[in-house]
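There are 8 protein chains.
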Amino acid sequence: ASASIDLDRTRRCGFPEVIYGEGKTAETIAQIASELRSRGERVLATRIDLAKANEISQLLPEMMYDSTARTLRIGDDLPDAQAKGNVVVISAGTSDLPVAEEAHQTLLWMGARVSMVHDVGVAGPHRLPERLAEFENADALVVVAGMEGALPSVVGGYVACPIFAVPTSVGYGANLGGIAALLSMLNSCASNVAVVNIDAGFKGGYLAGLVATQ
Amino acid sequence: ASASIDLDRTRRCGFPEVIYGEGKTAETIAQIASELRSRGERVLATRIDLAKANEISQLLPEMMYDSTARTLRIGDDLPDAQAKGNVVVISAGTSDLPVAEEAHQTLLWMGARVSMVHDVGVAGPHRLPERLAEFENADALVVVAGMEGALPSVVGGYVACPIFAVPTSVGYGANLGGIAALLSMLNSCASNVAVVNIDAGFKGGYLAGLVATQ
Amino acid sequence: ASASIDLDRTRRCGFPEVIYGEGKTAETIAQIASELRSRGERVLATRIDLAKANEISQLLPEMMYDSTARTLRIGDDLPDAQAKGNVVVISAGTSDLPVAEEAHQTLLWMGARVSMVHDVGVAGPHRLPERLAEFENADALVVVAGMEGALPSVVGGYVACPIFAVPTSVGYGANLGGIAALLSMLNSCASNVAVVNIDAGFKGGYLAGLVATQ
Amino acid sequence: ASASIDLDRTRRCGFPEVIYGEGKTAETIAQIASELRSRGERVLATRIDLAKANEISQLLPEMMYDSTARTLRIGDDLPDAQAKGNVVVISAGTSDLPVAEEAHQTLLWMGARVSMVHDVGVAGPHRLPERLAEFENADALVVVAGMEGALPSVVGGYVACPIFAVPTSVGYGANLGGIAALLSMLNSCASNVAVVNIDAGFKGGYLAGLVATQ
Amino acid sequence: ASASIDLDRTRRCGFPEVIYGEGKTAETIAQIASELRSRGERVLATRIDLAKANEISQLLPEMMYDSTARTLRIGDDLPDAQAKGNVVVISAGTSDLPVAEEAHQTLLWMGARVSMVHDVGVAGPHRLPERLAEFENADALVVVAGMEGALPSVVGGYVACPIFAVPTSVGYGANLGGIAALLSMLNSCASNVAVVNIDAGFKGGYLAGLVATQ
Amino acid sequence: ASASIDLDRTRRCGFPEVIYGEGKTAETIAQIASELRSRGERVLATRIDLAKANEISQLLPEMMYDSTARTLRIGDDLPDAQAKGNVVVISAGTSDLPVAEEAHQTLLWMGARVSMVHDVGVAGPHRLPERLAEFENADALVVVAGMEGALPSVVGGYVACPIFAVPTSVGYGANLGGIAALLSMLNSCASNVAVVNIDAGFKGGYLAGLVATQ
Amino acid sequence: ASASIDLDRTRRCGFPEVIYGEGKTAETIAQIASELRSRGERVLATRIDLAKANEISQLLPEMMYDSTARTLRIGDDLPDAQAKGNVVVISAGTSDLPVAEEAHQTLLWMGARVSMVHDVGVAGPHRLPERLAEFENADALVVVAGMEGALPSVVGGYVACPIFAVPTSVGYGANLGGIAALLSMLNSCASNVAVVNIDAGFKGGYLAGLVATQ
Amino acid sequence: ASASIDLDRTRRCGFPEVIYGEGKTAETIAQIASELRSRGERVLATRIDLAKANEISQLLPEMMYDSTARTLRIGDDLPDAQAKGNVVVISAGTSDLPVAEEAHQTLLWMGARVSMVHDVGVAGPHRLPERLAEFENADALVVVAGMEGALPSVVGGYVACPIFAVPTSVGYGANLGGIAALLSMLNSCASNVAVVNIDAGFKGGYLAGLVATQ
Ligand SMILES: Nc1ncnc2c1ncn2[C@@H]1O[C@H](COP(=O)(O)O)[C@@H](O)[C@H]1O
Ligand SMILES: Nc1ncnc2c1ncn2[C@@H]1O[C@H](COP(=O)(O)O)[C@@H](O)[C@H]1O
Ligand SMILES: Nc1ncnc2c1ncn2[C@@H]1O[C@H](COP(=O)(O)O)[C@@H](O)[C@H]1O
Ligand SMILES: Nc1ncnc2c1ncn2[C@@H]1O[C@H](COP(=O)(O)O)[C@@H](O)[C@H]1O
Ligand SMILES: [Mg+2]
Ligand SMILES: [Mg+2]
Ligand SMILES: [Mg+2]
Ligand SMILES: [Mg+2]
Ligand SMILES: [Mg+2]
Ligand SMILES: [Mg+2]
Ligand SMILES: [Mg+2]
Ligand SMILES: [Mg+2]
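Chains as they are written, first to last, in the numbering used here: chain A, 1 to 214; chain B, 1 to 214; chain C, 1 to 214; chain D, 1 to 214; chain E, 1 to 214; chain F, 1 to 214; chain G, 1 to 214; chain H, 1 to 214.
Keep in mind the hints are simulated off the structure, nothing from the lab.
DSBU-like, lysine-lysine: derived pairs with alpha carbons at most 35 Å apart:
| hint | chain 1 | residue 1 | chain 2 | residue 2 |
| --- | --- | --- | --- | --- |
| 1 | G | K84 | F | K84 |
| 2 | E | K52 | F | K52 |
| 3 | D | K84 | A | K84 |
Bound-form chain A, shown alone (with noise of 0.2 Å):
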């Protein structure tokens, strides 16, 4: 078979392997999740578009879907109060909801405790202060935002725990598909944040669980 699943991932790195949904077929991704789920791991699939999601679900009716995050869990019906940890997901506006909503969908499959602040993008200074009570004593904070990507610098100067930055595609032109948004966090003159990849969600709400739940 071409697959070839790392069935020791939860041994070594405490997390079994996620599955990446683009360019796999719905058959593919079933088969991958009842592998997983046949070793008793908790299955996280990103990158699932509605359709296929669709297909999925008659070969593993079990599974929960949200169509904002395109992300697909199984099997991590944790009740609330097991939750670990406290990670806030940060996002600058509305247009971002969705890469912040694939960063929440991780969290939660990793049994982290998340709570959500939306569009408080630095033009409108005076948003993100007002809610400092909501993050300032996280674990962790994931911060997500298009164009010119400032906010995580901003949330960076407010508080004493790891940022993990995620910029976004959001935005048009000089954006360059993202990529502004990417130099500009790298270059964050505040200390604390760290970068993934344009639209990773996913990774910045696993690196925030990681430092979260452990």
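Following the hints, put chains B, C, D, E, F, G and H with the ligands in place on chain A, whose structure we already have.
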């Protein structure tokens, strides 16, 4: 001769031609300056290093040289009381000073009233609002920043005047010699931010001066 | 809710928040517009395609839609006599029209007096000087051009007001989706040229409007 | 004065402002350091070359300079026993040493417990697993690599903690001054890899230190 | 006619001209294939989508089409026993399969002996050494990887034969359509890694085939 | 009206304005064409797809459309005997045909004598010298090539006339939409190679036509 | 020997091989020049700095060196009356002079009649039309410009001959070492503009010389 | 110590680790070389400038330094008769010599039979076929070229062996430090061209040596 000075520029554009010093000899600069002086024009030359300035001062002893801005001015000894408008030059970090000072010298030469707010970059988010009174009623702002170039976006959320953003080449690695800050400013989510070339303190100052003195 | 409107923007910045329509549903746009209207604000939304505009007009019948500019305005039915200042929007080629019209609509919404000069690109060098009388006394200019983006530099040599240059993505191949025109404008040898993002007719118009109406 | 130190940073962010030495004079650095010392803060300055370090040591004889890392520290003479957490800095080749050492010095200054694993790049694939015991239980890793920047992805497959990947400019030609390694790390198929700027040993160390000491 | 087939290629280069299917009509492809067949040449055409393959099969019923590789072969029905050399095609992830299969088909057409090792990317570092026996004695390897493109560097450390690395466009954001993997492979610290164009499974296969069959 | 045709172009530049069809409606194109016709000018329009051509032919039945070149001409029905000069259009591969044909149509419209040499790319190095007699005495050459864009450099070594090189977007991956061929041609070690935009068959033809017909 | 001079070039291409001086020793250059002289060829060498020129003049006292153009010529002491054709070299700013002079020297060496028009960049738009009589009847133009590179487009609108545009690296920041001017020229809306490499005065001159002298 | 030499490399990869000299001190290089020698390995070090070579020769008098290739070899004094295979290194221009020589030295160190063909770039198209007999029966070719990098594509059309193309940084302006040649080679229309990093003579030689000596 290889130089063909645009002697009609003041009538059309309000200010005479400014001498771009890079790649011109001290003799050429002195000669253009003299020709402009003989027409009664005020002289500004930019991008003049100290060695060249010393050479020029032999030929044109009345010139005023600013070694931070690397500019040279002649004949604009304006009484302060006659200065027009109100421009504030805001800079993010100490290393952005030379670019901010190039804007400053340009504004003085134009006869604009100008003040400076230094080192209020976004990593210390309380520093900017503390100084709001100094710039909230300006006719135009020049905002100078390197690294992630986030400052103009943040300033943009506080004011009702146009902002001329000047990206600087301050930083390293993925700052790409100032491209990161430039892209950041071009993608600003603040509506009132226009952008000039990297390290172009002269242009930022000139545009703010046009708004303030007209 | 995922949107957190900046309702204090008019006090700080002179004009209310403008709605960026890309990636928002008709419902979300209508809801934000209603909230702004209920506060007595004038509404501008940009990047609204025809289909979305039709949906919104069901919810907000009083909206005025411009299909070239792809903008939507509400509540700014200003008598012409009250328009302030004098802005001219100049464009290089026929294909630059949509971007020029986005600037136009923005200026109308701001209450600025505005006129248009179309298709005066540099390949027909006599066309621009013939129309000099229409723009030489403007308070600010918006100059829109694609391909090599040379027009703002040429216009810059004729006027004493600030120019807000808008590069467009018109062209092909080495135009790099507008990057060629953008770089051209950033490197203008005219001192009075500031630049905004590719295809950002809104920003060019907004900045010119700030200068003209203040 | 042109410097406006952020003296409240420790309260908000856990650690005081760090001095970026590039483009600052020895006098300016000594003055900022003294001001921080007088508030009881520990001092870290980065990107200080040997000549500048010698000048500063005249003014601040108590400083400790590391010529590989090009950093300067004051006042953090912490007994080893009080060091917190467990960070390992892993580097790919001998030429990556200066960047790895910048991370090392930063971690010492933060009071973290830190150890080093050098020259275990992927071309000798047996070298890394041989040293697994030294880093598999770390709280956070800093992984430093130039050229193709593959090391963080490989390390990522062995551990359950967050990895802060630091691309270096080591290499030539199509390494594009470190961009190749940077892109490689951003696109890592390992989920636990976050990235900082090229040659930013300081940032990689700082983020790992935040995770380990909190 | 607009096509001028290089009918002498086999004498000079060992193998006939291969048809690049992109942007050619089914008729043109069938005609070139027939002309090659009439000279007794084996035919390979690449980048043929399913619809075009169906059209061509009307005209050339003897063709063999592979829908994963998107290639078409005619006339190379070689008994396995006559296959020469030993090439292994190794791929990193399931999504890299089409590119790996293009290499595979090319090698079959050349008459090389070839086997496949799938889905052994670096995030599961134990998977590759487990399969070492399958490839350590190859004459040449083709290694296919997207995202960070680290696999060829790791494989390079295990073998004594040349490696032809094929970057793929698999990934998103800062993968830049495969440029990230391409740069990674060009900067490999393994000495035995040569590189071909992004998604160029054909070229990787062809070069390995030259080494193995000569 | 939004179009301001440059009706004096023939006097100044020898040929009338050419209509760039991209982003213009059939009506606009027909109207500009009619205005040019009414002045006695020959008409050329480029970048007209088949659907638009059909619409235009309703309004201007006398137009001649070439579906490979995607151009439209009116009123240049020149007897062959009157054609001037001698231009040869040479192309590298079959997929470069549309661009070569755009050059061809442009040259016909200019009244130049023109012939075509197709599919003589460098991978079959004997093909070009075999056809030397067809182009060695040309007044000017247009050389069209995609992928590595090497053909103009090779042709340059055989002839004494200027070569106008046209890079095409033919290829994939690291061809970067034609940038690879463009850079290759700009860096040609042959002295007689000038370059135009990617896919700009029109421009290559126009320049060769100027040389040949003057 | 490592040099293999192309001694047949004049027969095929009309002019002998030109020596590219960069990275060659004075001895190598003198030796190639002597070999060309012994065949009766005129010699041109480019990119020779003053120090190297001095060394060469020891070995070849008859050479003529131009320190602005950094070129060296031998044996082309043509009486002016025999010069052929009519080329004008137009440059935008004083700093573009060295590149314009490289074109000038190349044209003299080719035996072309050539004149110079300096410092007529677009910021002073009246300067160019004032000098129209000097260039409107040329056989070919070389137009040299840095920064935004707009001059060739403007000149293009005035003339009926081919224009060879030479972008220069003059400028800073977003000029990207001349890339901005290069892209600008490649995207010219004037039909008669062909482009050569950045700072390639030699090539611009050579191509214009081919047109003018043939 | 900071160096962890891969002493098992010869067993796995056929040849020992090669020392990359850039950024290592003479002491470090001498020490690694001695350790390799003490294991009976032949030593190759690359990117050693003359000054460093002189220092090293104090410590390791038996080393052989080549100042064009900037390489250092020890212990490979192989009788010519034992040399294996047949590699030809072909270079385009005189300035590409240092890179060609790095390949040459690498091949000698590997014990391969090697010959050189210099200065046969495409601008003199007759030079290459004249020397066909010298390389048409090679086991592998290394082809070195800067500027437009066309040579490997042309050579590819003449031979049946694999070609390892080495782009060089020779050229200026739009050569982008070798990127133009690199892209050209990656997009070669010849099937038998694989590519290594810019200026990587070592890698080109190493790969050809693997093919020829196995
Ligand atoms: N959205 C995502 N972005 C980046 N990496 C991902 C994403 N989803 C899953 N992955 C990673 O992709 C790897 C699986 O790739 P594959 O073998 O192609 O299925 C896993 O190791 C995950 O860590
Ligand atoms: N620092 C600067 N940055 C950008 N443009 C400048 C600068 N200084 C002067 N200029 C412009 O350069 C032009 C003069 O160029 P030149 O003819 O080369 O002397 C003037 O029109 C100025 O507007
Ligand atoms: N295919 C083409 N490529 C580049 N320029 C063109 C093309 N077709 C027409 N043009 C130029 O585009 C200009 C007209 O632009 P516009 O005013 O937008 O119609 C004319 O001056 C032509 O020189
Ligand atoms: N000139 C060179 N270009 C690319 N790689 C090289 C070069 N010289 C040596 N190497 C590789 O660099 C590695 C050693 O790197 P390091 O550990 O930094 O000494 C070896 O594995 C060699 O394969
Ligand atoms: Mg919002
Ligand atoms: Mg500071
Ligand atoms: Mg027009
Ligand atoms: Mg090593
Ligand atoms: Mg997998
Ligand atoms: Mg062909
Ligand atoms: Mg000038
Ligand atoms: Mg030569």
